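Colleague: Sequence:
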Amino acid sequence: MIRVLYLLNHAGKAGTERYVQTLIEKLNNKRIKAYFAYNEDGLLVERLRSIGVETYRIPMKNPFDIKAVIELNKLCRKLDIQLIHTQFLRENYISMLSRIINPKVRVVYTNHFILANNAVTRLTNRLITPLESGIIAVCNPGKDMMVSNGINPKKIRVIFNGVDVDYWGEPVKSTLREELGIDRDSFVLLCASRFAHDKGHRFLINALHELKSMVGPRFKCVLSGDGPLLEESKKQVEDLGLSEDVIFTGFRKDMKNLIYGCDLYINASEHEALSFLIIEVLACGIPVIATDMGGNSDIINEETKCGILVKYNDPQGLAQAIAKVMDDKELRLTLGKNAQKAVREKFNLDKVVQETYNLYEESLGK
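When we follow my numbering, the leftmost residue of the sequence shown carries the number 6, and every step to the right adds one.
The hints are simulated quantities; they were obtained by calculation from the structure and are not laboratory data.
A few of these clues could be false.
Stated by the list, open to error - Below, in silico cross-link-like pairs of lysine-lysine (BS3-like), each with a Cα-Cα straight-line distance of 30 Å or less: (1) Lys316 to Lys217; (2) Lys160 to Lys18; (3) Lys66 to Lys35; (4) Lys261 to Lys35; (5) Lys38 to Lys258; (6) Lys18 to Lys239; (7) Lys72 to Lys35; (8) Lys334 to Lys351; (9) Lys239 to Lys178; (10) Lys334 to Lys346; (11) Lys342 to Lys178; (12) Lys239 to Lys356; (13) Lys159 to Lys217; (14) Lys159 to Lys178; (15) Lys258 to Lys346.
Owing to the predicted nature of the structure, the values given are computational and were not obtained by experimental measurement.
Whenever a hint applies, use it, and build me the whole structure from the sequences.
Modeller: Set out below in structure tokens:
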């Protein structure tokens, strides 16, 4: 049984945390013994403790925090850790520096973003990533970006994110319409993401304004989530006269309930790697319209035919795509059927877990 320490700077409630949690739930006490260390406390710590995972706090001020390197090395020796699985640059650099002290511990890194590094970081990548045992890119554009950021392509393996097909594919009777007072004839759009600049809420709300001019008040858009731009988005909705058409729910944990209550999911992000939420929605058989950014094209394409890609920050183009799906029931049924097929074949959690575990074994020379 491999002793794995999952290391994450911020243990919050986003997609990366979901990635870590699902790996641990699938592998812990079966093929690995999992431990978790973090810097900033959050919902993930609570969730992992509830399933019996030992958690530890290591302050990590920056990627070259020597004190953190020493503390990490002590923890690894105490727990007899064989492999550290990191998720972001800060904890990844700290883990690789710890290998200088204790080279027996291997490091696997999953890159969840598609972001260009500056010249200094590209140089550092070239110098430090030879210490890496394996690197996971969650999408093909992510791999391409890492290569341009100075990382050896031979180190990188593309392993798509995946979800529990059985869980998400089992329908539930949604309470969404009843709870929010939405009549049965309204077409329900859903977008559930943090209200931050890169999630595209301003673009989406502008598109809803265009949509209303095309189809009238035949729809309701449910915006679920919290974040720094929530109040700004509420004001934009009010200013555009969409207060009767857009419903804000705040942060919700009952995502399956929300998904099964909608007719169409919208992803309006400016930056995206491989969205867990898009895959979860597709596993429920709900079609998706998403921006043609990052790894979205790895999910929605001519092979899968499970949704529609639109240009980012083109409100009229997004509105037209939504109207097309609203007015074509056969299209919605076809997209939904293809969605579940794509998730079963390409984005199945069991497939992801197996490929990740294989990389653990390869990293340890087993």
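Colleague: Decide, hint by hint, whether the structure agrees.
Modeller: Comparing the hints with the structure gives:
A threshold of 30 Å between alpha carbons decides the hint, and for Lys316 with Lys217 the separation of about 19 Å falls inside it, so the pair holds. For the given pair, Lys160 sits about 29 Å from Lys18 by alpha-carbon distance, which is consistent with the 30 Å threshold. Note on Lys66 and Lys35: the hinted pairing is violated, with a Cα-Cα distance of about 34 Å set against a maximum of 30 Å. Restraint check for Lys261 and Lys35: the C-alpha separation of about 27 Å stays at or below 30 Å, so the hint holds.
A distance of roughly 27 Å separates the Cα atoms of Lys38 and Lys258; the hinted pair therefore holds under the 30 Å criterion. Between Lys18 and Lys239 the CA atoms are separated by roughly 22 Å; this keeps the pair inside 30 Å, and the hint holds. Between Lys72 and Lys35 the alpha-carbon distance is near 33 Å, which puts this suggested pair outside the 30 Å criterion. Between the alpha carbons of Lys334 and Lys351 the distance comes to roughly 26 Å, so the proposed pair stays at or under 30 Å and holds.
This hinted pair checks out: Lys239 and Lys178 have alpha carbons roughly 29 Å apart, not beyond 30 Å. Restraint check for Lys334 and Lys346: satisfied, since their Cα atoms lie roughly 19 Å apart, inside the 30 Å limit. The suggested pairing of Lys342 with Lys178 holds, with an alpha-carbon distance near 19 Å, which does not exceed 30 Å. Using a Cα cut-off of 30 Å, the hinted pair Lys239 and Lys356 is violated, with the two alpha carbons roughly 40 Å apart.
Restraint check for Lys159 and Lys217: not satisfied, since their Cα atoms lie roughly 50 Å apart, outside the 30 Å limit. This hinted pair does not check out: Lys159 and Lys178 have alpha carbons roughly 47 Å apart, beyond 30 Å. Taking the CA atoms of Lys258 and Lys346, the gap is about 26 Å. The hint holds against a cut of 30 Å.
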